[in-house]
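Undergrad: Assemble chains B, C and D onto chain A, guided by the hints.
Protein chains in written order, with full-length UniProt numbering: chain A, 1 to 311; chain B, 1 to 311; chain C, 1 to 311; chain D, 1 to 311.
It should be emphasised that the hints constitute simulated quantities derived from the structure, not laboratory data. Keep in mind that the hints are not guaranteed to be accurate.
Identical chains blur together in the list; that is why a pair holds if it fits in one copy or across any two.
Derived lysine-lysine pairs resembling DSS-like cross-links, with alpha carbons at most 25 Å apart [claimed, not checked]: (1) Lys-81 x Lys-164; (2) Lys-289 x Lys-83; (3) Lys-128 x Lys-253; (4) Lys-300 x Lys-253; (5) Lys-256 x Lys-272; (6) Lys-256 x Lys-81; (7) Lys-164 x Lys-128; (8) Lys-289 x Lys-253.
From a predicted model like this one, the values you see are computed outputs, not experimental measurements.
4 protein chains.
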Amino acid sequence: MCRFLLYKSNSPILLADLLTRPAHSIIMQSFNDKLRLDNRQPVNGDGFGIGWFDEPGTQGCIFTSTLPAWSNLNLQRLAEKVKSALVFAHVRATTGGTATAESNCHPWQYGNLMWMHNGNIGGFRRIKRRLLSALNEEIFLSIQGTTDSEHAFALFLSMLENPKGRADFSYQELHQAMLRTIAQLNEWLDEAGVTDEDGDHELSLLNFAVTDGQSVVCTRYITSSELPAASLFYSSGSEFRPETDSGSYRMAKANKREDVVVVASEPLTYEKSDWLAIPTNVLLVITPKLNVHLYPIRDKYWNPHRFHTTS
Amino acid sequence: MCRFLLYKSNSPILLADLLTRPAHSIIMQSFNDKLRLDNRQPVNGDGFGIGWFDEPGTQGCIFTSTLPAWSNLNLQRLAEKVKSALVFAHVRATTGGTATAESNCHPWQYGNLMWMHNGNIGGFRRIKRRLLSALNEEIFLSIQGTTDSEHAFALFLSMLENPKGRADFSYQELHQAMLRTIAQLNEWLDEAGVTDEDGDHELSLLNFAVTDGQSVVCTRYITSSELPAASLFYSSGSEFRPETDSGSYRMAKANKREDVVVVASEPLTYEKSDWLAIPTNVLLVITPKLNVHLYPIRDKYWNPHRFHTTS
Amino acid sequence: MCRFLLYKSNSPILLADLLTRPAHSIIMQSFNDKLRLDNRQPVNGDGFGIGWFDEPGTQGCIFTSTLPAWSNLNLQRLAEKVKSALVFAHVRATTGGTATAESNCHPWQYGNLMWMHNGNIGGFRRIKRRLLSALNEEIFLSIQGTTDSEHAFALFLSMLENPKGRADFSYQELHQAMLRTIAQLNEWLDEAGVTDEDGDHELSLLNFAVTDGQSVVCTRYITSSELPAASLFYSSGSEFRPETDSGSYRMAKANKREDVVVVASEPLTYEKSDWLAIPTNVLLVITPKLNVHLYPIRDKYWNPHRFHTTS
Amino acid sequence: MCRFLLYKSNSPILLADLLTRPAHSIIMQSFNDKLRLDNRQPVNGDGFGIGWFDEPGTQGCIFTSTLPAWSNLNLQRLAEKVKSALVFAHVRATTGGTATAESNCHPWQYGNLMWMHNGNIGGFRRIKRRLLSALNEEIFLSIQGTTDSEHAFALFLSMLENPKGRADFSYQELHQAMLRTIAQLNEWLDEAGVTDEDGDHELSLLNFAVTDGQSVVCTRYITSSELPAASLFYSSGSEFRPETDSGSYRMAKANKREDVVVVASEPLTYEKSDWLAIPTNVLLVITPKLNVHLYPIRDKYWNPHRFHTTS
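The following block holds chain A by itself, in its conformation from the complex (with noise of 0.2 Å):
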């Protein structure tokens, strides 16, 4: 189980004051991440990546190490100096026997897009080669590792149309190609005897994200109607800045302005009325304009009941 943040704004913020900076930002998630859902592995030192993006319409920035992210030198350097408007961050816990390889570290872009994935597609294995030969030849050839993830993204890459070529995208056209992914995804499940709703059911965990630069659509997704999956929170307001020397930030609230939107798997300030939990099984976008909108993913794992009492 790995650990992300995204963040997205009206203004430039110092990638400082978001992942190495606050006390409790997802560079410290990386020792001490409570809210996991899975025990065995508690710690994200199997290496990390941000990615940011400088202007609409241009390709993103990829930062990516197999080293802790606590102790990057380079990380804590350049996020003192660069400042953007939307920004992916993701530290890594390998499971399932995957290798600790910079090609392995989230996010990964195609084109404009960025993925990142929180999480793991359980019985990855049994449909990994189905998955592979739905791809079209050049998205098959683009995969760099071998992570679950990265084959998520892949798939995701072939519900849109000319994935590479686009300068942007809508982000009703992004929300489709999600649904449509986490749908694939299930049906082959499925078919591999991976979900099998009476006897065993290997889990999936996909808290997907992604963006082209100026929407954001991203997931938090399990592959049950009663288990909570993992967690994802999401916090708003005008500025997110720190409150004192000490490393505690807070989200500022000004005027009821909206100029900043937060997605962590974690709160990143001590403040919890700062942070709402996404439900289990919901979808959120940011638009461009950055309003927030939440669609229940409405298969066969909706659980109203879930939804309207749980985290």
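TA: For chains B, C and D alone, kept in the frame of chain A given last:
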């Protein structure tokens, strides 16, 4: 283009005497490999790997690194301690955009089998999907990296019965599987239009080496009936040992005994008479008792004239 | 704060049985080390090192990495092959801004001597220059990194006669040099005002371990007469071996023979009775014949009450 | 021997246009640096570093890696995004047993000052202790690695008043501190008997470069009155830009404006007339307004004849 070395003997050699102490070792070849065919990437600084067996019938051990071999302290320290009678070593230069990652470092192993490759499969991208679909599920899922070389190993494995469960193989069996691997690659390359004798022709350089810990089979091969393959030499004698303190090594030849066989992309000693060039498109077998056999690979690229005249 | 382990026995153990297979191995301690005194940096993910000897009277071999131990393929493969009767192992968490670099990974060696440290020298920066000026030229120039631990080793070396040229040392000699090292550090820390009994007091945690390949001397020590030092346990018996297939290990105690001694920052087995806490401010000697002696370190921090009541 | 490059201009350049896209970039120089004086270590594959400033009066940013520059994905991606009007870049070949570690990668920074070095201090080990003892405590403790180059930077810093606290320096001040650094090194090397005109003479190659983000001072220097120093060239013009799509770059010279100055160990373009060799034992200043001044370093190694005849 990379470089490899394999060593088999009746009694163990200290790895340092093979890998780090010789003035003209494969480590130094990382810097300066004058016999390479391809000059676009003149430095084998993109990682290396060594594999060795301690006793027949057990799995070998592999040490790989994405750091250049020449400055790797762990390699230098291990080489001063580890002894083995069967050693594979490989230094790597990335080609074709393949990532520098440990999962892309040679050699690979599967059960007791160990594999490395010097060269590349021309037009590999055009047959990759075909190759994957020919693999059984277990071998398909064992692939960890993205290189053509590892995929060729997977194809080789699929030519064997029960490649994982067996302790050893006859050298005839490895020999046949190697020929079938090359034949199968050629068939697919032809079908994909990669190798078109009349028009453009993307060459494959297939210097493969495989061992089960007892026999060794390797090839010097090119998909051309005119051009020479990537260089490959062998030497045999009673002992590979230092001549002086200055790093100069010799293949000693006491009593005409054949206790050591070395195959390498480039001679390891300055004494030219120690080394024989393996002819192009020839397969070499080292039997468990250290007999060496050369077999022409008589397919459409076989050229008796080249066999008799070139190195 | 880091973690270490040392193992000495009459017959070699496969490193995997010590380092990677035990459910509660030092590798797993990288994730979850509950007994640590210092909670600021809860993860030992900043590199590791192992050192081992194959035969008495020769230099040991060291393998270090800045990648976390738990995902290091080379470590896992080597551990399945290497056997040794004298092993040092260390996992590291960076402290005090020290860089993650191979040159800062424990253990270090000098001639036949090998050294590691769990803890830190409080206020090291204030005595660093003093320490360097006390070293002879050869030892001064041998320092490759920036850690307090390596500098403490250099100081220890300067307490011995001809530390590089000799094959072995008596354990009495190592014992005395260790005491003099701690005494010298204390003297300088006092002079620099770091250790001020009346006012602020920056603590040093000096769990040191040293071996010449035959004897082992280690300490559990703190510059305080009240507080406990960083934890350190030992266990002895006839064999350290797996109890079940699930990774559970035990210290077997057949015939009251003492063929194995293990000292570790944290117990390696779940059987509490296997392990004795080494009292605070005590030096432990393992003789070449595997006798274990404990000696109180009777300086100004010695506290008989703590010795008798605490772990 | 290593290689360096520095770039200063009136308007920012995309790092890719300086570092990764030119056919003869410093990255390619990692492979093939024909002008090197020392042939023992022909490959600059032991790490690299780049430093750049975004605005005058702020600290620069540094990105270093121990992996070879030519296969570093992060470098390639960053170079496509980052723009700067003042860039330092360095590729490294380890010498004298210095470890490959990030802390040993150039450039280094201290406050707003940035430093790199091509060459080596001959006999550095014999003056290291002397040098350390001349540093004040803060500079002494700031040293993170073991290279002669970083120690020379520390010495340079100790020639300045308040090197950490100030935003900028006059170029005259940097100029004087550089001369005093070289003079001090020479004095110590003489005292230590390293430089003995009559007998053996261990050479120092001191191509240093320093900047405060506004001015640049660099040297081409050798401790010999006869031999040439390590090569150093400069070029100036109106723009450094691609001529063709094939990676060929030129220094454009529109209207005789001097908007760009580049200093590099080897010419970056194939047009020889673009480049002037900086004479041996000369100091070059680039003022904030891009004026370039050359000053002979008139010490005992000054040789007017060499100045007028050699490159």
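Undergrad: Take the hints in turn and mark each one as holding or not.
TA: Status of the hints after comparison with the structure:
Taking CA atoms no more than 25 Å apart as the test, Lys-81 paired with Lys-164 passes between copies only; the shortest distance there is 19 Å, against 29 Å inside one copy. With identical chains, the CA atoms of Lys-289 and Lys-83 are at most 25 Å apart within one copy only, with a shortest distance of 19 Å there and 28 Å across copies. Within a single copy, Lys-128 and Lys-253 get their C-alpha atoms no closer than 45 Å, and across copies no closer than 49 Å, so neither meets the 25 Å cut-off. In this homomeric assembly, Lys-300 and Lys-253 never come within 25 Å of each other (Cα to Cα): the closest approach is 38 Å inside a single copy and 57 Å across copies.
Taking identical chains as interchangeable, the C-alpha atoms of Lys-256 and Lys-272 lie at most 25 Å apart only when both belong to the same chain, with a minimum of 18 Å there against 58 Å between chains. Proximity of Lys-256 and Lys-81 under a CA criterion of 25 Å is satisfied in neither setting, with 29 Å inside one chain copy and 34 Å between copies. For the identical chains of this complex, Lys-164 and Lys-128 are neighbours both inside a copy (23 Å) and across copies (21 Å), given an alpha-carbon limit of 25 Å. Proximity of Lys-289 to Lys-253 under the C-alpha cut-off of 25 Å is restricted to the intra-copy arrangement: shortest distance 17 Å within a copy versus 45 Å between copies.
Checked against the numbered hints above, the structure breaks hints 3, 4, 6 and satisfies the rest.
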